[in-house]
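Engineer: Chain by chain, the residues:
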Amino acid sequence: MNVLKTVTRKSRPVNLFFTEIILALLFFSISAAVILKIFASADRLSRVSSEKENAMICAQSIAESYSQCGDVGDALKTVFSETADFAESGGEYTLLLDEKCKLSAYGGVQLKLSEDREKTTAGVLSRLTLTFETENEELYSLDCSAYIPSGGADDE
Amino acid sequence: MKNYKNKTLGDTVSTIGSMLLFLLFAGCLLIMIAVAAGAYSRISNGFDKTFGATASLRYISNKIKSSDIAEISENGTALYLKSDDILDVIYFRDGALYESNFAADAEPSTEGGSKLFTLEDMNISEDGDLYKVTVKFNDEQNYTYIRR
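Read top to bottom, the protein sequences are chains F and Y.
Mapping of the first sequence onto the numbering used here: residues 1 to 156, in sequence order.
Mapping of the second sequence onto the numbering used here: residues 1 to 148, in sequence order.
The following block holds chain Y by itself, in its conformation from the complex:
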């Protein structure tokens, strides 16, 4: 059995000092984890906000540029893109952007299709000789102009 009666004041101060240093170490560690979580969250949110919207804008604008004929339909929520023997339909439905491919002589529809991006809103309008593509993502509206 240990005999604590021989412990001096110096030993006690040393033990308390060590414990305080350990506390400081643990506190700094917690602060570092909090800072890291904050930085990660900020970067992740910024990435989602910026690239979520611009990726869809780029996709649509590239599709319009590569097509022979572009036609806006359904009050600007659908876009019919004709090139060679393929009709490409890009449309917004139920909070997402979808794409379907049909044969040029087939009857196109805005049902089914492959889901491309999750968006809050998408609208394509004509502004003079330009198409204006507007997307809303994470409460932020982004737009771009593309030549017809």
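Chain F with its partners taken away, still in its complex shape:
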């Protein structure tokens, strides 16, 4: 004969406040992770945007000066410093700048200038490409040119 055994256990009441707080914390931590990521991204974008704006102003100055004189070294001396020595390597100049585009030995922005000269019977057409890089990524690039007339075909 089967004997039905019943076991009665004393159940503890569920703490609703505790459960609610746990759920709120869970939701909060997920939201916080997303928001912190957005803040970090906004901060980085703001920094890049600021660097880009300064790079554009700097590039404009170099391009204007280069278009006037047609020489990279002279253009760099006009814009940065008359006393600085800008070393050329294989037709390329590389400068280290800070985020405000001022010359700096520990700068985070690298400015590369590459010049290409094309001689014609009427003069020399020089093309200059300015490339600003930060963290091995291109920040801004500008092409400009200068035409230096040589006085006509008779000069050649």
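Simulated from the structure, these hints should not be mistaken for laboratory data.
Incorrect hints may appear among the rest.
[As the list claims (entries may be wrong)] Listed below are several chain Y residues computed to face chain F (Cβ distance under 8 angstroms; list not exhaustive):
#1 F25
#2 F51
#3 L57
#4 L130
#5 N142
#6 T144
#7 R147
Ideal Cβ placement from N, Cα and C applies to all residues, glycine included.
Given chain F, put chain Y in place with the hints provided.
Structural biologist: Here is chain Y on its own, set in the frame of chain F:
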């Protein structure tokens, strides 16, 4: 009336645990608000510093490029730009950059005008065949060169 005599140690620990968790939640919330305020302030300051100065530099350089004749006046604090029948005067006065338009044959002055930007200083000089425009904003000096 509630009878608190039946409360066990477990109930007390549970209540304190809940309160501590709530405290943690409130603390994290405050930290998040502080981080958000800091990030916003940093972005806002950076934006003001960069774009406050460069916007005025761009404005002046675009005006010089679009004009037929540019003339520096008043020790580099004023610029007279002539194009067609209009004389455009851009000048710095009382911590701001102003602009006035006159007829080409009228006598220009650096009074009145429309306020363009708030700046600490502005100077235009000639550097060889280039104009050098220098502006000071938020204790920071920015400059650009423009062909004549």
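Engineer: Each of the hints needs a verdict: does it hold here or not?
Structural biologist: Each hint tested on the structure:
1. F25: holds (5 angstroms)
2. F51: holds (7 angstroms)
3. L57: holds (6 angstroms)
4. L130: Since the shortest Cβ distance to chain F is 6 angstroms, the answer is holds.
5. N142: With Cβ-Cβ at 7 angstroms, under 8 angstroms, it holds.
6. T144: Holds, because the Cβ-Cβ distance from T144 of chain Y to chain F comes to roughly 5 angstroms (cut-off 8 angstroms).
7. R147: holds (5 angstroms)
In this structure, every one of the numbered hints holds.
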